[in-house]
Amino acid sequence: SERLTQLGNVQGDILQQAARLVSPGGVLVYTTCSLLAQENMDQLAKFTEATPGWICDFSRQFLPIEGGDGFFVGHLRSV
Numbered sequence: 001s002e003r004l005t006q007l008g009n010v011q012g013d014i015l016q017q018a019a020r021l022v023s024p025g026g027v028l029v030y031t032t033c034s035l036l037a038q039e040n041m042d043q044l045a046k047f048t049e050a051t052p053g054w055i056c057d058f059s060r061q062f063l064p065i066e067g068g069d070g071f072f073v074g075h076l077r078s079v
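Residue numbers (our numbering): 1 to 79.
Any given hint could turn out to be false.
Cβ pair distances, simulated, as ranges [to be verified]:
1. Pro64 x Gly25: 32 to 42 Å
2. Gly12 x Phe71: 14 to 24 Å
3. Glu2 x Glu66: 29 to 39 Å
4. Glu66 x Leu21: 33 to 43 Å
5. Gly25 x Ser1: 35 to 45 Å
6. Ser1 x Gln61: 18 to 28 Å
7. Gly25 x Gly67: 36 to 46 Å
No lab work stands behind these hints, which were simulated from the structure alone. Just so it is clear, CB atoms sit at the ideal spot from N, CA and C, and this is done for glycine as well.
Could you build the full structure based on these sequences and the hints that come with them?
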């Protein structure tokens with residue numbers, strides 16, 4: 001949807017801004033309370049493709065269990 005695209009653009013902008021504050025060799029953790037690939041793995045893929053010197057060491061999606069919310073976390077490292 002258009003709204004999801006807008007939110008994705010905001011997420012990408014925030015990720016780019018945060019990356020500028022990380023020292024070489026530093027770590028940036030990206031997390032959302034979303035289960036949508038567009039807001040999670042797709043964001044990390046776009047970021048690492050567009051931003052030389054960054055890799056995603058690992059990511060994990062946590063599904064909602066026992067009434068809790070699901071969420072996503074990605075561990076990015078400046079190399």
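Now for the hints, and whether the structure bears them out:
| no. | hint | verdict |
| --- | --- | --- |
| 1 | Pro64 x Gly25: 32 to 42 Å | holds, 35 Å |
| 2 | Gly12 x Phe71: 14 to 24 Å | holds, 18 Å |
| 3 | Glu2 x Glu66: 29 to 39 Å | holds, 34 Å |
| 4 | Glu66 x Leu21: 33 to 43 Å | holds, 36 Å |
| 5 | Gly25 x Ser1: 35 to 45 Å | holds, 38 Å |
| 6 | Ser1 x Gln61: 18 to 28 Å | holds, 21 Å |
| 7 | Gly25 x Gly67: 36 to 46 Å | holds, 40 Å |
In this structure, none of the earlier numbered hints is contradicted; all agree with it.
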